[in-house]
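Chains as they are written, first to last, in this note's numbering: chain A, 1 to 348; chain B, 1 to 348.
Bear in mind the hints are in silico, worked out from the structure with no lab data behind them.
Some hints could be false.
You can't tell identical chains apart in this list, so a pair holds if it fits in one copy or across any two.
[What the hints assert, rightly or not] The calculated lysine to aspartate or glutamate pairs, modelled on EDC-like cross-linking and capped at a C-alpha distance of 20 Å, are:
| no. | residue 1 | residue 2 |
| --- | --- | --- |
| 1 | K229 | D146 |
| 2 | K52 | E24 |
| 3 | K272 | D181 |
| 4 | K197 | E283 |
| 5 | K193 | E288 |
Residues per chain are reported as follows:
2 protein chains.
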Amino acid sequence: MENLKGYHVAVVGATGAVGQKMLETLEKKNFPIESITLLSSSRSAGTKINFKGEEYVVQEATPESFEGIHIALFSAGGSVSKKLAPEAVKRGAVVIDNTSAYRMDPEVPLVVPEVNEEDLKKHNGIIANPNCSTIQMVAALKPLQDAYGLSRIIVSTYQAVSGAGTVASEELRNQARDMLDGKEANAEILPVKGDKKHFPIAFNALPQIDVFQENGYTFEEMKMINETKKIMHAPELHVSATCVRLPIVTSHAESVYIELNQDGLEVANLHKVLQSAEGVVLEDNPSEQVYPTPLSAANKSDVFIGRVRKDLDNPKGFHLWVVSDNLLKGAAWNSVQIAESLIKNNLL
Amino acid sequence: MENLKGYHVAVVGATGAVGQKMLETLEKKNFPIESITLLSSSRSAGTKINFKGEEYVVQEATPESFEGIHIALFSAGGSVSKKLAPEAVKRGAVVIDNTSAYRMDPEVPLVVPEVNEEDLKKHNGIIANPNCSTIQMVAALKPLQDAYGLSRIIVSTYQAVSGAGTVASEELRNQARDMLDGKEANAEILPVKGDKKHFPIAFNALPQIDVFQENGYTFEEMKMINETKKIMHAPELHVSATCVRLPIVTSHAESVYIELNQDGLEVANLHKVLQSAEGVVLEDNPSEQVYPTPLSAANKSDVFIGRVRKDLDNPKGFHLWVVSDNLLKGAAWNSVQIAESLIKNNLL
């Protein structure tokens, strides 16, 4: 496709938490848009949304909605992507899909631009945006993998409720208010809307994100494990994950233990690599209590890293604390970055 | 000392979060008390507290307060313990100290009764109660260490604010209310009252508990590392910790990775060991969404374990999720258990 002045972009799931952030990001980053189409399920169709000062009416997404669309950003759940992404591709659109529908498909690149932008070249119309908790971790670890080699990751996550949608954020707020007023908390959404049981998240921690798999891991944990290996081109990398939902509205944090391939490294070596890496910001000065937190990282595009320290037993082991806005770098911003990269590399 | 019908017990720090729980626990567990003396700093002296239906006036703790005391439960900060515990011992009391003042003193046993009750025999008047986050972890891991041998622990904690005192719980509640009302949160206590900077804890996560050490670890992390080795009699055990404060009022949770010494173990083996262990309760059935949470463990004496699963790469590696009420097993209940054990073993 010739380099247009602007593109016809569709946002599928425009009324959702990520869809809203996608629109904000497209506007804020001044993405070259000629026209925009806002799509959703039939349930949310008719909603009015403001974009760049103009009011748009959200339309129900159908195969025909994608006629003339150059870039379609999908974030309306896996079943919508499975049904409509091929229809969009058939009509000439390139799909950037924020669901888990195509992430592990060997024909579909799974991309974090700072990590594996080159994989975009192999796309067949669909590019998958990784899981939020995976994106910030690989963005933080890729510079270290490049500099020193990486053999092992053990991560425990501290994840915000907005990853489960605006209804989950509302549930946290309502429960917090009720519990502060001495009332009982009503749980209907978390940990997983479609699962059998629901537990309060306010003033609590739920060691379940997404549904359990046969092996005792949750699907969220398996996403972190499998997606990390695919994005980092490291099938032999040892990765394990424990994913926990917390009473935080925005930003995921991660306690990450890594083993590098090189001996004799000090914190200063890692600091130097991370300081010059793209998309990550080092906030690490213990003596001045400088470290990132979910609140400090919210509404920012970068991945923030602190608490870098050497394991006290394993000379190749290090610990890090990685924080990022789960709706921006974890979803909307990474999707828009992929679109920017497709344009820059003439891959539309 | 002959076996009395009851003991004269002093609680030092009776008005604090842990002191209150100590009184509740002494009453609830029907500890053999002949008389009780409630002590505190001069600041809180004069406070009236109800115990077993009678009203007591809290007195300022002085060396003379300990005349005639058999058992003194200290929980009023390290400096009070350093000053007054030796005075109590001089006057014939046995001190059970809930601060970090004596924990790493080689002359002082550091005890979790289910783990190393035998160390009580070596006491010289003072017994140290371990750090809350350490207690629940060693209670969970000791049965596995006994059954299979243990070579490594990597823990990331999810800690409640009540571990920083009632003022921290109040701060969380006030901040949560303000933020729900769209106001700015005022931070004056957490992460560490005496440190330079303070950050909001409501809807946030703070990767700092206690002050930073030279090596980049916090004192809380070093407590977990050093105390675990001492309690488990395993100086060669590899232990690393990342400690995080969360907007949770009660109960600490821990994501624990362990490496055992034996090959070929399955989750069922670990379940069997944990099911018959003292002081721990297995709550682990992923297909029914059964796992412990801070809210489900609050106000209970036991240590709850869930999410037991095999590492996908290391055949000796396992992951666990360990939750317990930080003010009960993590502090008050463990202290009272130590007192019960001293009586049972004629060690007063």
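To see whether the hints hold, each was checked on the structure:
no.	hint	in the structure
1	K229 with D146	within (14 Å within a copy, 35 Å between copies)
2	K52 with E24	within (9 Å within a copy, 60 Å between copies)
3	K272 with D181	neither (49 Å within a copy, 42 Å between copies)
4	K197 with E283	between (39 Å within a copy, 15 Å between copies)
5	K193 with E288	between (41 Å within a copy, 15 Å between copies)
In this structure, the one hint that does not hold is number 3.
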